[in-house]
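S.K.: Sequence:
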Amino acid sequence: MSASKVTEGSLTTCLPPSMSFLAQTMPPFDFGWDSTLPKNENGPVESPAQAASLDASELFKQQRYGLMYLFCYLPAEVGYRYRAHECAQESWAFRHVVYSLRLTSRSTKAVRAGAAKKNVDDMLEYGLRLSTGVGGLPRDAAKAMSIFKEVMTGKFPEGKRGLAASLAAFLAYFRNEKKYYATDATAAAADVIEAVELCHTSCQHGHYAFISVAVVVVFIVLLDIVLTGEMLNRPKIGYLFSLYYGFQAETGFQPWNSRYCAACGTRRRSFELQKCSGRCGLSSKPVYCDRHCQKADWKNHRKWCILPTAAEDELVKDLGLYSIIHLREPRLQV
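In full-length UniProt numbering, the protein residues as written are 1 to 334.
Just so you know, the hints here were simulated from the structure itself, not pulled from any lab data. Among the clues, some could well be false.
[What the hints assert, rightly or not] Derived DSSO-like pairs (lysine-lysine); straight-line CA-CA distance at most 27 Å:
no.: 1; residue 1: Lys285; residue 2: Lys295
no.: 2; residue 1: Lys295; residue 2: Lys236
no.: 3; residue 1: Lys118; residue 2: Lys160
no.: 4; residue 1: Lys118; residue 2: Lys149
no.: 5; residue 1: Lys160; residue 2: Lys143
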């Protein structure tokens with residue numbers, strides 16, 4: 001989906017009538033990370049079985065690195081298929097490619113040297129490694145953010161500036177993950193608004209990644225809790241919502257762990273909602289109040305209630321490999 005095709009507008013013109021049913025309390029928000037999982041000091045985890053014998057924090061770093069790549073580097077329509085839950089449960093091989101190929105193809109020493117010489121790909125990769133604490137680096141999100149903002153505002157190719165904005169949005173969005181589980185969502189609002197601004201910048205540079213989808217999902221949850229009516233008229237937010245609904249129409253995407261009926265928009269407790277029992281994947285599986293709501297939504301969901309084809313799976317893998325190939329080119333002899 002091309003971000004440049006959508007014109008800007010206020011959120012009030014983009015929201016459907018069902019948005020009046022938005023949350024009154026903050027639901028648990030699960031991004032698929034499990035800090036209790038074990039880690040591997042010697043390299044990336046290749047299978048769930050191997051993970052069982054490893055230490056937790058290193059695997060968490062690897063998950064964060066892979067997730068940040070999927071959320072920010074890939075086009076949204078590709079990255080969403082390998083978002084947090086499917087990434088953890090169904091695509092260990094793909095995540096292994098993302099982590100191990102990028103980390104083993106170019107040393108942190110070489111990446112740091114390239115970043116110092118203002119090689120934009122190395123600047124972004126160095127920021128990514130600092131953000132996640134991989135490659136022998138201590139995690140330094142503040143330094144990573146400064147690198148991303150330097151690329152955003154520098155004289156670099158437009159696509160790289162858009163990618164840097166998405167990476168910066170990820171850092172703002174996940175600045176303190178625990179706050180998204182709190183019943184008092186006030187602490188989350190400022191970072192979400194910052195992420196909205198950064199995602200808007202990314203889209204203006206023609207880069208629409210899955211982080212721009214994720215930001216809208218959380219914004220919806222926060223909308224009736226702490227965000228004021230004044231926020232509804234900000235053009236940047238309306239622009240992201242326009243892209244979000246276009247993305248849903250093109251992909252059949254459904255928010256993960258949703259507590260809203262896909263047909264009527266009513267918010268319910270999770271055990272009161274029923275998932276579609278069809279062959280749709282996790283990223284396209286809606287939840288409903290009952291069979292009446294499912295029947296009412298069938299005209300919209302029908303074309304997405306299928307398993308992905310082998311050809312589609314190969315396309316995702318090919319695009320993922322294509323997106324990381326630049327790191328296999330040794331630019332510097334260090």
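S.K.: Hints first: check each against the structure and report whether it holds.
M.R.: Going through the hints against the structure:
1. A hinted pair counts as satisfied when its Cα atoms are at most 27 Å apart, and Lys285 with Lys295 qualifies at roughly 14 Å.
2. A hinted pair counts as satisfied when its Cα atoms are at most 27 Å apart, and Lys295 with Lys236 does not qualify at roughly 35 Å.
3. For the hint linking Lys118 to Lys160, the alpha-carbon distance of about 12 Å falls within 27 Å, and the restraint holds.
4. Between Lys118 and Lys149, the direct Cα distance comes to roughly 13 Å. Compliance with the 27 Å bound is thereby established for this hinted pair.
5. The suggested pairing of Lys160 with Lys143 holds, with an alpha-carbon distance near 18 Å, which does not exceed 27 Å.
Of the numbered hints listed earlier, the single one contradicted by the structure is hint 2.
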